[in-house]
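S.K.: Read top to bottom, the protein sequences are chains Y and W.
Position one of the first sequence corresponds to residue 23 (the working numbering), numbered consecutively onward.
Position one of the second sequence corresponds to residue 468 (the working numbering), numbered consecutively onward.
In short, the hints are calculated from the structure, not lab data.
Since this is a predicted model, take the numbers as computed values, not measurements.
Virtual Cβ for every residue (Gly too), placed ideally from N, Cα, C.
Mixed in with the good hints there might be a few duds.
Here are the computed distance ranges between Cβ atoms for each label pair [to be verified]:
#1 W/R528 with Y/M63: 25 to 35 Å
#2 W/I480 with Y/D78: 35 to 45 Å
#3 W/N469 with Y/L117: 23 to 33 Å
#4 W/E482 with Y/E101: 45 to 55 Å
#5 Y/G85 with W/N469: 22 to 32 Å
#6 W/E472 with Y/T108: 20 to 30 Å
#7 W/D506 with Y/M49: 17 to 27 Å
#8 W/D534 with Y/D48: 31 to 41 Å
#9 W/L549 with Y/M49: 37 to 47 Å
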Amino acid sequence: NAGVTQTPKFQVLKTGQSMTLQCAQDMNHNSMYWYRQDPGMGLRLIYYSASEGTTDKGEVPNGYNVSRLNKREFSLRLESAAPSQTSVYFCASTLGVDTQYFGPGTRLTVL
Amino acid sequence: KNQVEQSPQSLIILEGKNCTLQCNYTVSPFSNLRWYKQDTGRGPVSLTIMTFSENTKSNGRYTATLDADTKQSSLHITASQLSDSASYICVVSAKTGGFKTIFGAGTRLFVKA
Chain Y
23 NAGVTQTPKF QVLKTGQSMT LQCAQDMNHN SMYWYRQDPG MGLRLIYYSA
73 SEGTTDKGEV PNGYNVSRLN KREFSLRLES AAPSQTSVYF CASTLGVDTQ
123 YFGPGTRLTV L
Chain W
468 KNQVEQSPQS LIILEGKNCT LQCNYTVSPF SNLRWYKQDT GRGPVSLTIM
518 TFSENTKSNG RYTATLDADT KQSSLHITAS QLSDSASYIC VVSAKTGGFK
568 TIFGAGTRLF VKA
């Protein structure tokens, strides 16, 4: 039981490049989330998926898109990366409104 | 505006000592409050979760309290260990039609030998 896994762990992009962050959970959770964490700030919700087939915007969705590929997988895509998107990205999942389980994070730098 | 404020920003204590971290919130209507521990370079891990009717909850050497009237919570760590060095994050969720969870910026705890 791996919990929540994320790939890659580290990534460096140039401004304008695109990439997809992958997230998968093996706990049969319905809800999945993408957050970003910046120094001195709390985690901020980018997008979430309450169940397979649905996605909703969070607090800071601009510049991002998501896909809930199936119940296990929830990907985050940056179409045209900007330096302001330099951050640590965390994926999380929950069964209902209970405790969130977080992945190990992806550290992204945009030059 | 829904907010979660944590204090202090950072704290240094000696191994074996106790400490208390504070969390004040204005999130409404209140659903639950959670404390997470985040080790450097890792994702947050849940310590406790409390609903409106719960005043205190323990998890080993960690004890969380909640005063829903004053909208304050604290996390008390007893007999600190070097492995307690981490960020501690207070998270408050609101009862809404959608999803509303506000994360505090965290308290960075350093435990020294």
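S.K.: If you test the structure against every hint from before, which numbers come out violated?
M.R.: The structure breaks only hint 9.
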